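Quick note, the sequences are listed as chains A and B, same order. Everything in the first sequence is counted per the working numbering, starting at 1 for the first residue and increasing by one. Everything in the second sequence is counted per the working numbering, starting at 1001 for the first residue and increasing by one.
Source of the hints: derived by calculation from the structure; they are not laboratory data. Being a predicted model, the structure only gives us computed values, none of them experimental. It cannot be assumed that every hint is accurate.
As the list claims (entries may be wrong) - Far from chain B by the CB rule (all over 10 Å, computed), these chain A residues:
1) L94
2) F265
3) I271
4) V277
5) L282
To be verified - List time: in silico DSSO-like cross-link candidates among lysine-lysine, alpha-carbon distance up to 30 Å:
6) B:K1088 with A:K257
7) B:K1144 with B:K1173
8) A:K377 with B:K1087
Yeah, the Cβ is synthetic: ideal placement off N, Cα and C, and Gly gets one too.
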Amino acid sequence: MKATKSIAGLCWVLALVGVSPGLARADGGAAPSTTAGASLILTGAAADPTQGLVLSGYSQGQYESHQDSEDQVRPGGAPENQDRFVLRRARLKLEREWAWSSFLLELDGNTVNGPAVSIHHAEPSLVYRGENAASLPPMIKATVGLFDVPFGHELVESPRARFFAERSLASRAFFPSEPDLGLRLSGALGWFRYALAVTNGEPAGVKDGYTLRDPNAAKDLVLRVGGVANPAPGTKIQFGTSVLKGKGFYRGADPTKNGLVWRDFNENGQIDNGELVASAGLTGVPSQSFDRWALGADMRIEFETRLGLTTLFGEVTFASNLDRGLYVADPIATSVDAREIGYVVGLQQELGKYAVVGLRTDYYDPNADLFDRQGGKLVPYRQTVRTFSPMLALVLPGRARVVVQYDAIRDSMGRTAAGVPTDLKNDAFTARLQVEL
Amino acid sequence: MRRPIVHALGALAAASALAAGLVVPACGGESPTLGVDQPLRVYSCDTTAQVSGPQFREGAIPTGAGAPTVLGVDVADRYLLQGQRGKKLGGSADPTATAIALRLADVGTGYWIVPTQLLDPSTGNMTWEACADFGRDLATGPHKLQLAAVAADGTFGQTFDDIELVVQPLLPKGHVVIALRWDSDADLDLVVQSPTGKTVDPKHASSAQASKASDGGVDPSAPGTGKLDRDSNAACLLDAYREEDLVFQDAPTAGTWQVRVNLFAACGAPAANFTLALYVDGVQRAVQPGRLVDTDANGGDGPGLFVTEFAF
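The following block holds chain B by itself, in its conformation from the complex:
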């Protein structure tokens, strides 16, 4: 009666050993990562392409001394925003290049391989093109775009790093900025009450008071006025910004500015962790984290959560 159990245990041990032996040796092949966590993400601009697109590889671009070489890079605008997506990169290389390796020289953990496409009949050079997304947390300032052409035998050519991309902050330019950022698909609203009692929210995007001088309307260019730059995720139409900023081009009206955060709609998100920050001339002067959960959603019928106040 015991024999079947002994056999069973023996077979289980053998199965486990074989399974372990099978799992340990990871076979060859390229990295399957999508590179979502990279500051530069490269993909094919042709969304209908049936063949595999650019490939991510860990590490620095291997250095080469000679051919093939990158001959030029086409970038419509070298200035870009943090988190900008769909920027087209392209260029030309020696006719023997079968791929281009590219990365940002100073950030990221690897590089992308982009297959070359066609010989340009007018120049006889090989062309390439790809689309690129840039990380939201990519440091502002200049970043060198580093490239190298690759030959059919896998030989990397000389590194090309003549192109410098300049990353600009997502934070809008202004003397004073009150910035609300959050981490989910919820529709959060920045609600600020000015010292004069005017409530600024996405439906009333300026802190200026109505006046006779402006025919009963508001003059958003009046001194001390703040303007709300956007209504992110409005009506749960997701825009990926998850940020709203009240921007003052000059000193805000003197007095106390009360700041609230209102969860207009949860949009299916269980909660939203937010950060409220004050910037003066681009320097962060204060920061206050907080959290709202889906049951706090009020469709605009409440004043929102009081977070802090700033005196100017």
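Bound conformation, chain A alone:
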């Protein structure tokens, strides 16, 4: 009775904001790929199970602590302190599917860089379900909008379902955020899964200043083909291979005016003879585009054991000039293509219904061709970052979870006394509470 009242109340609220609840997806409507856990079906019984307005959401609040925090600010004012409470994600999703079309809108709020609310997904789609059962994705789904780039498994896995706090470092470097704007064709034919997308190539969070815009006409082409198999009862295997081909953008420079420049040649802090230098105005530098590509493979195996569901997963990506979030690739400025490689391997184990433990390790080399001067010699320099992440979660099924995760990060960002690159103290700890709507 109480639940009925709540649902009626929600319908009333949605009616107020102009959303008309339709018939419910009672069971097995084509579950959107990024949905996990419980959803709220807004109306009662339905004549057509694929119809209904579904409201779902979740919130992830966390405390995080980083060894490299300092009570200082970076030039520009960004705080160096990272020991803080943060609302990592608060998302609200509306979905509805009809016989030939579907609609999905997801809003995201967070305080990662201060309070922000944005559209995370907007997926208007045409759907041809064919003979596919309601438990399967449609045979063909054509979407034009804002959707997760279908490269690998990590990128399209919902943060709501994922137990580890964030995606692996390589995945975050290649795709600072999951969604991009474009056209996607996806679907299922039996065990076979496919997704082909044409996107702007400027996903949310990229550091070139063109987030969800497109500074060049070239589009990124992304293809993922794979499958889902159930070779034995309680066992599920998901696998796929992905390809990305596109063009990055090198931003030119504006023309400059004539000017005077003070060069303090003798470093005495005073203007002396010969230290005022004319700086003639220059024409602008034209912008350029550069090629980038990525090739990836992913596999995920789930099987039931006495303890509960065991999940083994792994993903590897080889790429060129694709880093857009961490060590941003700029082959125009450096005259050298950046060869990148990243992989992640992990194990996740349910301990009954109420707990999950996991261990994940990931590796990222943002530039396989880097050199450093050591002792007067040019030697290969490894910029690799390897992360070991043990994780523990306490779960209230379908409702809430508490996750604690430690990220032991091993990199080469420090220097030993001898000047040799070595690990920097920058491990991180995250304690997160997730509650689902």
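Chain A is fixed; fit chain B onto it per the hints.
Just chain B now, with coordinates in the frame of chain A:
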């Protein structure tokens, strides 16, 4: 019905214990500090470098007796200002040196490791170079630059401290200085009214009166005249000085000098805490703190906040 709750509490306890156990042992690695609070901050002069730059380490430079040794240090000018940035340091060391450790001997809590770069083909010695910033609150006077070369096995060589840097005050030289300093990115202006009624501000930087002798202009070298040295953060173009000084090279014109502080523009800062100080021959004789908030910004349309007056 109670069992799930018991299991849940047990799992929570286990999770907490494991989390605590994971957090406590901080693993190895070098200090991640940027050294922003150090009086000497060292970084790579190559702003396009993709590899990690100099490394800060806490403590004194380990003492060594022998090789490798620092052979020389190149500094364009051993005199520098408090808060000076981008000073180039470099030098040479034994060919076996892979890094140079350096610090100011008497201040700071640690030292910097700078990797060596190239063998100089003409001398056969190893070279190194780095850029350095100096703290605004670095004590004036001489400070020894202490260096040591480090070998590939981490052995520190003999300490080299033949170079003395002399830090000069940011405060300009003069017989009398009225100094305004503040702590935010706001555009504050020092406004001083002379005994003759002339208002000195960034648009009228001298206290001298217009006279026939100077064709209706002012003679900034007239006796008793004060000159404003700069308009800091003018038009919100931030210069990091956050200081304006009225400087008298001789005794100011006799009478009462009224001092105001005007918030021209807040430049996005919520407030500015300021200090007004009077120096005579470099010695602080009076100090008056104050605070202006962003709603006090007037774009120069007001007289500013009266702070104090000085009689000479």
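Hints versus structure:
no., hint, in the structure
1, L94, "31 Å, holds"
2, F265, "7 Å, violated"
3, I271, "13 Å, holds"
4, V277, "16 Å, holds"
5, L282, "19 Å, holds"
6, B:K1088 with A:K257, "28 Å, holds"
7, B:K1144 with B:K1173, "24 Å, holds"
8, A:K377 with B:K1087, "26 Å, holds"
Figure legend: structure checked against the earlier numbered hints; the only hint not met is number 2.
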